[in-house]
Amino acid sequence: MDLKTIPVSAWIGIVSAGLFAFAAIFAPLIAPYEMSEIVGDVWEPMSSEHWLGTDNLGRDLLSRMIFGARTTLAIAALATIVSFTLGAFFGMAAAVIGGWSDQFLSRGVDLLMSIPTLIFALVVLSVMPANILTLILVMGILDSTRVFRLSRAVAVDVNVMDFVEAAKLRGEGRIWIITREILPNALSTLVAELGLRFIFMVLFLSALSFLGLGIQPPEADWGGMVKENKDGIIFGIPAALIPAGAIALLAISVNLVADWILNRTTDLKGGRGGN
Amino acid sequence: MADDKFLDFRNLKIGATLREPGQPPQDITIVHGVSATLDKGKVLGLIGESGAGKSTIGLASLAYGRGGVEITGGEVFLNGRDILKLDRPRLNGFRGQEVCYVSQSAAAGFNPAHRLIDQVIEATLEHGLMSKSEAEERARYLFQALSLPDPDTIGERYPHQVSGGQLQRAMTAMALCPKPDLIVFDEPTTALDVTTQIDVLAAIKHAISVTGVAAIYITHDLAVVAQVADEIMVLRNGEMVEHGPTKQIIEAPQEEYTRALVSVRSIVHPEKQPTDTPLISMENIVAGYGNDITVLNDVSVDLYAGQTLAVVGESGSGKSTLARVLTGLLPPRSGQITFEGRPLTPAQADRPLDDLRDIQMIYQMADTAMNPRQTIGTIIGRPIEFYFGIKGRKLKDRVAEMLEKIELPADMASRYPAELSGGQKQRVCIARALAADPKVIICDEVTSALDPLVADGILKLLLDLQERENVAYMFITHDLATVKAIADSIAVMYLGKLARYGTKEKVLSPPFDDYTDLLLSSVPEMQLGWLEGVMESRKMESAGN
Amino acid sequence: MSLVLKLIAQRVSLGILLLFAVSILIFVGTQILPGDVAESILGQSATPENLANLREELGLNEPALSRYFSWLGGIFVGDLGTALTSGTNISEAIGARLGNTLFLAMVAAFISVPIAILLGLLAVRYKDRWPDKLISATTLASISLPEFFIGYLLILFFGVKLGWFPTVATVFPEMTLGARLNAVMLPALTLTLVVLAHMMRMTRAAILNVMQSAYIETAELKGLSSFKIIWKHALPNAISPVVNVVMLNLAYLIVGVVVVEVIFVYPGMGQYLVDHVSKRDVPVVQACGLVFAAIYIGLNMLADILSILSNPRLRHPK
Chain L
1 MDLKTIPVSA WIGIVSAGLF AFAAIFAPLI APYEMSEIVG DVWEPMSSEH
51 WLGTDNLGRD LLSRMIFGAR TTLAIAALAT IVSFTLGAFF GMAAAVIGGW
101 SDQFLSRGVD LLMSIPTLIF ALVVLSVMPA NILTLILVMG ILDSTRVFRL
151 SRAVAVDVNV MDFVEAAKLR GEGRIWIITR EILPNALSTL VAELGLRFIF
201 MVLFLSALSF LGLGIQPPEA DWGGMVKENK DGIIFGIPAA LIPAGAIALL
251 AISVNLVADW ILNRTTDLKG GRGGN
Chain B
1001 MADDKFLDFR NLKIGATLRE PGQPPQDITI VHGVSATLDK GKVLGLIGES
1051 GAGKSTIGLA SLAYGRGGVE ITGGEVFLNG RDILKLDRPR LNGFRGQEVC
1101 YVSQSAAAGF NPAHRLIDQV IEATLEHGLM SKSEAEERAR YLFQALSLPD
1151 PDTIGERYPH QVSGGQLQRA MTAMALCPKP DLIVFDEPTT ALDVTTQIDV
1201 LAAIKHAISV TGVAAIYITH DLAVVAQVAD EIMVLRNGEM VEHGPTKQII
1251 EAPQEEYTRA LVSVRSIVHP EKQPTDTPLI SMENIVAGYG NDITVLNDVS
1301 VDLYAGQTLA VVGESGSGKS TLARVLTGLL PPRSGQITFE GRPLTPAQAD
1351 RPLDDLRDIQ MIYQMADTAM NPRQTIGTII GRPIEFYFGI KGRKLKDRVA
1401 EMLEKIELPA DMASRYPAEL SGGQKQRVCI ARALAADPKV IICDEVTSAL
1451 DPLVADGILK LLLDLQEREN VAYMFITHDL ATVKAIADSI AVMYLGKLAR
1501 YGTKEKVLSP PFDDYTDLLL SSVPEMQLGW LEGVMESRKM ESAGN
Chain Y
2001 MSLVLKLIAQ RVSLGILLLF AVSILIFVGT QILPGDVAES ILGQSATPEN
2051 LANLREELGL NEPALSRYFS WLGGIFVGDL GTALTSGTNI SEAIGARLGN
2101 TLFLAMVAAF ISVPIAILLG LLAVRYKDRW PDKLISATTL ASISLPEFFI
2151 GYLLILFFGV KLGWFPTVAT VFPEMTLGAR LNAVMLPALT LTLVVLAHMM
2201 RMTRAAILNV MQSAYIETAE LKGLSSFKII WKHALPNAIS PVVNVVMLNL
2251 AYLIVGVVVV EVIFVYPGMG QYLVDHVSKR DVPVVQACGL VFAAIYIGLN
2301 MLADILSILS NPRLRHPK
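Chains as they are written, first to last, in my numbering: chain L, 1 to 275; chain B, 1001 to 1545; chain Y, 2001 to 2318.
Any given hint might turn out to be false.
Said to hold, decoys possible - Per label pair, the in silico range of CB-to-CB distance:
id : chain 1 : residue 1 : chain 2 : residue 2 : range
1  : B       : Pro1245   : Y       : Leu2306   : 36 to 46 Å
2  : B       : Tyr1289   : L       : Pro184    : 27 to 37 Å
3  : L       : Leu111    : Y       : Arg2313   : 28 to 38 Å
4  : L       : Asn131    : Y       : Leu2306   : 39 to 49 Å
5  : B       : Ser1050   : Y       : Arg2313   : 23 to 33 Å
Stated by the list, open to error - Dumping the calculated DSBU-like pairs for lysine-lysine here, alpha-carbon to alpha-carbon at most 35 Å:
id : chain 1 : residue 1 : chain 2 : residue 2
6  : B       : Lys1085   : Y       : Lys2127
7  : Y       : Lys2232   : B       : Lys1179
8  : Y       : Lys2228   : B       : Lys1132
9  : Y       : Lys2127   : B       : Lys1205
10 : B       : Lys1040   : Y       : Lys2232
11 : Y       : Lys2127   : B       : Lys1013
12 : Y       : Lys2228   : B       : Lys1085
Keep in mind that the hints were calculated from the coordinates and are not lab data.
Even for Gly, the Cβ is constructed at its ideal location relative to N, Cα and C.
All chains, full assembly: derive it from the sequences and hints.
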């Protein structure tokens, strides 16, 4: 791949998302203060000492943002992995195997998707113990329905192509057909979707935390920080907007990258492929 | 108007902007300065292969560029003025009044939300040429002239309620209704079934002659255009090759390219006689989809080693289903297939690897038959590796050998399918089938998506390979001309049954059954006046009527 | 017509079937998942004795099947049970709040639907030129913005800095329509911004799809004016996909309402649901979940029925 062909928008996205990831990974090394350390007054404005000011308890906002990136990104990434593994595996399997197993899986997914994801999550979280594992599983499983639909649709599209039939007629096994014939043609769509799902997970997790049902304090995460600082808004203190803005910025960055990947995906008939 | 040359293209240049995803836009030239004139009431045939720019030139006579196409230079004079210089309101006044258009797919060209009659008379009313009742009267007259069934009431129907052949005629009526000076026919019969095509062609020709309208008739089939055009212009890659009266182009072409087009399908293939034991024998095959749809009804055919069995029929005749039964993708409900004297397992999944290897397949669309993410080397090499376990250096040599057989350079192996032309792609598919060293290759409409000259090359290659490798072909096609060129025996299929079956000579000699007669009479021949003769002697009507 | 009726009947029965399945799913989700409801309600303060009492009170000792049917039977007569935490009647509580939620969603729909369609048309009209590019760039940005970012930004500017609208959307039954509209303006705007981009993008795609059809070219080559092409040829075919887009987004609006209600402390269904999820008040959560799902399924069903009705192939069968 030629680096020069990457458009500016995608570069911005890559660099910005990279910075977020860097902050998340090296949080303890970069953060100027401890996560829960009270270092000043409540809602101090931005200063050279506290670049982003302090929060509702007088903790350094920048440090909490950096540690929050760690929590938010890690949980969103884990939930994305759960969602993708389940969805892509079952989606492709349903498309290739077909018949009753396809019917069973597809109708099940229809059922799960007939309830809005957030509502369903709220219903389940009302009885499940509040911990991070529950959160990851609930988010991952509910979201895997979308990945299922997409990967099934893509695989069905590829599966009816004559070259797949040619491979079947040759006597190739299912593993070859999935990994060598279908997957290479579905890959770029799925990679772009991976980005979009990750963003959705960040937004989903933040919404849950904002509603008080996600990450529990004193752990820092962006959605929770919005909740902690929201009361300042009516006094004109914008502290809550900083984590909210960080979520938006991360989402835009990843979207820019996903958009670029989707755009360079040419269709099956004229595609030049991954060379 | 100064003289009778009411249409005059002068050095027409047309370009387009290509926007491939992920790449910067690229300007290309489609037509490089073409000039032509047309008298009132005459028909000009534009002929050429795909990419010749014929449709683009046709649309230029409506001052229209489709998609990103733009007219970049030259003039188009119609009725004494340059229509390329008209402003928007005048352009609207001229389109649909002086020039009308008939597209390849009337099914897409009609708006699904309105009745036929309202769309047929729309342009006439828009330009204030007649009152509504007069226009409807004329529409009914035109429906009749185009031999549409129930001409008085067919206009009340919606587009999806009539057949493809009828829609194509209705679109012709739509074009004729405002009494234009010129109609552009853009491949109006290409998308139709073979037998329907000739009926629609005859209807169009009749309508042109009774209304006296001038026309530009665009097609890739020289034999078709020879039936309707007064003069023919041969185009290639956006340039004019030859332009002259139809008689001269057909009977005494000047340019080599035109001569090639005229002599296309002149392959002579001496017919081989059946031997004692067939290689494959399909007996009393009944097959279908689901529980109640029967597509094949009691079909028996034999295929001999090193020979070609052509299975001919229109869409819905069951010819492709017969191929699927042989491949084992669709096990028959009853009947039996014998391969080299022993029964062949019905279902593909249960067949031994050697049987799979012995029966290979080539598809109609080479584009979708090759994995776009694999190199040509992988595509051809995989059967060799899979069936014979050959790897590494030896595999490379075998791939190069196969490429040589299909007359492609050895360095093709590292390319991807998207980099090849249509004919090259189909050759690669042939190589892939051949690489398995099979006894039978099923060819499913392998030339129907290709331009005539390219198709000719593929047929020659197939015959050549048959000579050398002694492979048998089951050749599925709707095109009798192809059949005549390559078959040893022929099975004519109609509505799931065998209409006629035997050696080529036997099947193509009279007396004919009605359907074979219809099918044979539907192959346009490269001679003037053929259409009139054939329409009179037909015994049965096509399904599209 | 009979074919259309048959298809609609099929779609409606599918919707009802789906609703039944959803009711089972919600019930199973809240009753059979690991972690006993009684245990989670009592949490730390659970002793074996009060656990047993609570189980008895909740009817948890009966078999799941009979509990499901008594719950379902209640729903049919409009009885959604009583809230564990407050002992109040859930049906009454939902009745008042559902009205508020629908009012908010309706105001948001009235603002967003015309704007979205207008901008969608604009993007089609200037396809690949700067208005289209600008619109699609803002789309990308706005689908990335979380509801609370938009919400608090609006509060900060229009509520705190400019003081045009109240920062907390308080409504009560005696309010006049004007006062009520003023109160919900900021939440409605937030919702609008949340769905606008999506709705616009889908409208653009739907109209573009129609405008690229061959019959539009036919109309153009007949010499029809742009207005007539759009009015007579594009519109009849574009209505159905656009209505579909609107319906799907309304469904999305109803869901997006949950977070927005919490931001603005608006007394609607969303707030009610979230409060009771934290309190682990299962009957309320079940009831709210079912109501939300019913609205969502209903709107999706309506979208499908409208597109069946507007399809000429189905209205005029062969």
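For each hint, the structure was consulted:
no.: 1; hint: Pro1245(B) x Leu2306(Y): 36 to 46 Å; verdict: violated, 58 Å
no.: 2; hint: Tyr1289(B) x Pro184(L): 27 to 37 Å; verdict: holds, 30 Å
no.: 3; hint: Leu111(L) x Arg2313(Y): 28 to 38 Å; verdict: holds, 29 Å
no.: 4; hint: Asn131(L) x Leu2306(Y): 39 to 49 Å; verdict: holds, 44 Å
no.: 5; hint: Ser1050(B) x Arg2313(Y): 23 to 33 Å; verdict: holds, 31 Å
no.: 6; hint: Lys1085(B) x Lys2127(Y); verdict: holds, 25 Å
no.: 7; hint: Lys2232(Y) x Lys1179(B); verdict: holds, 23 Å
no.: 8; hint: Lys2228(Y) x Lys1132(B); verdict: holds, 18 Å
no.: 9; hint: Lys2127(Y) x Lys1205(B); verdict: violated, 41 Å
no.: 10; hint: Lys1040(B) x Lys2232(Y); verdict: holds, 33 Å
no.: 11; hint: Lys2127(Y) x Lys1013(B); verdict: holds, 26 Å
no.: 12; hint: Lys2228(Y) x Lys1085(B); verdict: holds, 23 Å
The structure shown violates the earlier hints numbered 1 and 9.
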